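Chemist: Turn these sequences into a full structure, and let the hints steer you where they fit.
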Amino acid sequence: MPATPCAWASHPRCSRCVTTATSTCSMSTPARSCGTRCARRLTAARRAPSPSSRTSSPGVAGESQTNAPAGGVGAAGGGAASAPRVRFAPSPTGYFHVGSARAALYNWLVARQSGGTFILRIEDTDAERNREEWAEGIVSALHWLGMDADEGPYRQSARSARYAEAIDLLWSAGNLYACDCTRDEIDARNKAAGIATPGYDGHCRDRGLERVGPDGAGRALRFAMPPEGTTTVADVIRGDVVFPHEAMDDFVVVKSSGAPLFVLANVVDDVDMAITHVIRGEDLLPTTPRGILVWQALGAAGWEPEAGGGYPGLPVFAHLPLLVNEQRKKLSKRRDPVAVEDYRDKGYLPEAFVNYLALLGWSPHDGRELFTAGELIEWFRLEDVNHAPAFFDVAKLTHINGEYIRALPVDEFIERCRPWTGGGAHGGGTGTPAAGAAPWPAGSFDDAAFARMAPLVQERVATLGEVPAMVDFLFLDEPPVDPGDWAKVVEGDEGAAQILEAARAAFGALEGGGAGGGSGSAFDAETLHRVTQELAESVGRKLAKTQGPIRVALTGRRVGPPLFESMAVLGRDRVLARLDAALDRLARSAPAGPPAG
RNA sequence: GCCCCCAUCGUCCAGUGGCCGAGGACGCCGCCCUUUCAAGGCGGUAACACGGGUUCGAAUCCCGUUGGGGGUGCCA
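Residue numbers for the first sequence follow numbering that gives the first Met the number 0, so the first one is 0 and each next one is one higher.
Because the hints were derived from the structure by calculation, they are not lab data.
Treat the hints with caution; some may be incorrect.
Label-pair distances were calculated between CB atoms; the ranges are [claimed, not checked]:
1. Gly215 / Pro285: 34 to 44 Å
2. Gly257 / Glu150: 21 to 31 Å
3. Asp476 / Thr92: 40 to 50 Å
4. Asp147 / Gly483: 17 to 27 Å
5. Asp125 / Gly442: 41 to 51 Å
6. Ala508 / Asp476: 20 to 30 Å
7. Gly308 / Pro285: 22 to 32 Å
8. Glu374 / Ala508: 18 to 28 Å
9. Gly257 / Ala195: 26 to 36 Å
As the structure is a computational prediction, the values presented were derived from the model and not from experiment.
By construction, the Cβ of each residue, glycine as well, lies at the ideal position given by its N, Cα and C atoms.
Modeler: Below you can see the structure in the form of structure tokens.
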């Protein structure tokens with residue numbers, strides 16, 4: 000097998016690495032990327048068994064098939080010659096999977112960094128997966144992430160005529176044969192043959208069945224595999240992956256209903272849409288050789304792509320490592336938090352989410368972990384993507400989200416909170432939790448009050464969804480008393496009543512803001528801090544221990560934004576009223592009196 | 001069963017034959033700061049799966065083992 004040049008078309012000087020497996024790429028920036036990966040691929044290629052077989056099957060020629068360009072970089076699909084055309088091709092499932100989001104991101108990055116086209120194609124050939132709102136959900140999730148498609152969304156369900164053409168063509172060319180075996184029959188034969196869990200045994204391959212049975216029912220159509228030889232997937236991330244044909248069975252390409260299956264529809268679309276780079280999950284790697292065979296069979300049969308311009312060479316492939324859970328298993332929707340919409344609703348910022356997604360399987364050479372989409376586009380390299388599955392770590396996502404929130408200008412932070420605070424109108428599009436998510440009555444939100452608290456809240460939350468609980472005490476008539484906090488910090492503290500009484504007196508002596516009365520001191524954070532400090536000294540406690548009961552009385556919880564600012568925003572009247580109420584409640588629930596003895 | 005992929009701290013990455021007595025980040029632990037909680041600062045914990053080989057020298061290259069994962073559908 001000849002040395003294989005790097006298939007990564009956009010790489011300006013990759014052809015330098017072609018010569019031998021030991022040659023070192025001399026390109027300067029970024030130094031490691033090209034030389035290393037190409038070296039990897041070359042060694043992988045050397046490992047591949049040399050093709051030797053020949054076939055007379057109805058399928059395509061049985062020689063070693065590969066998507067590696069034969070004569071140099073420029074031969075790989077349209078990828079090298081023109082701007083890349085990448086596609087994100089999810090099947091609608093009712094929600095947007097984080098793994099899909101990452102695949103979409105990597106595709107989007109390749110398009111953006113190369114002046115290419117990012118195409119969205121909904122793979123809904125399966126009638127069960129064909130709900131309109133599901134497709135809309137994909138579009139809106141992509142929009143939220145800032146990755147709008149340049150083309151599409153195309154719907155496979157709207158392209159059946161095209162698939163029918165391809166099927167007829169392949170049938171005429173002898174690549175397909177009809178099969179009327181049932182799954183049970185196949186299993187029975189395999190079992191009899193002593194094979195545990197096998198594929199199709201080729202039973203109908205030479206029976207010459209018609210596409211339609213005597214009863215008028217359609218038959219499934221299988222692709223006739225070349226019996227010998229191998230097909231090689233030249234993968235940008237993994238190098239050459241060789242699949243012996245003898246280990247692949249004759250796969251079904253058309254259902255008995257006449258509907259096309261994944262490999263067929265997927266390849267027809269990629270050809271028609273002139274896709275140059277196929278970037279998707281590693282779970283599709285084992286089916287890629289099938290797709291390559293179909294791609295080649297279609298070309299050999301004279302298929303004319305919708306896009307025109309002649310039949311395209313194979314696309315460049317890149318199979319991304321899977322995203323896994325703590326059990327190292329593929330993320331499952333049943334037990335793992337995989338819906339992007341849920342993260343959106345919890346208050347994760349799209350830019351933070353994208354940042355984290357990018358880090359799952361890739362990182363810039365300088366070790367930076369926080370970067371803008373623009374920097375990502377500039378630095379990202381598909382060939383630098385890791386090979387091993389990555390654990391989707393919500394804790395780290397959350398940390399990064401917190402970094403992004405804290406970096407926001409306060410004004411923007413306030414705006415971004417609107418979907419959760421309910422105050423004013425918000426721009427729509429990015430927002431999200433269901434309307435009325437805020438825990439207070441619609442009309443009681445006070446923009447000015449929230450604005451005063453915002454800087455303090457901003458540095459205390461890691462997600463926007465945590466914001467309401469930080470400020471709800473300001474917009475509710477009664478503080479939302481946490482039973483546990485009340486029991487521990489107020490009821491459980493023998494000095495609480497004394498502190499509350501003293502606080503009531505000290506704060507009451509301050510002016511409420513208007514003129515007249517009081518000590519002449521304003522009801523502001525600085526003064527409140529000083530007064531509370533004095534109060535603490537008078538009862539012989541530290542400020543930290545003193546503010547506890549007051550905090551719970553006023554805000555209902557023992558943790559929250561700084562107390563004195565909170566009190567200032569609350570205002571003198573409400574502070575005094577809540578202190579009274581707390582004293583009242585304490586008197587009723589826990590009759591005072593020192594414990595005996 | 002068969003085919004394929006993968007293997008550095010608990011996690012995500014850095015590492016591409018000597019600069020590695022392995023670096024960063026998240027998490028965790030401790031200290032500092034401090035009106036709670038965060039944030040921030042400082043310090044700490046913790047990994048090259050195993051065995052062979054190649055080499056003067058291997059986390060790095062090769063082979064094998066083990067382990068994990070994916071695929072094996074008239075799903076995608």
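Chemist: Output the indices of the hints that this structure fails to meet, ascending.
Modeler: Violated hints (numbers, rising): 4, 8; every other hint is consistent with the structure.
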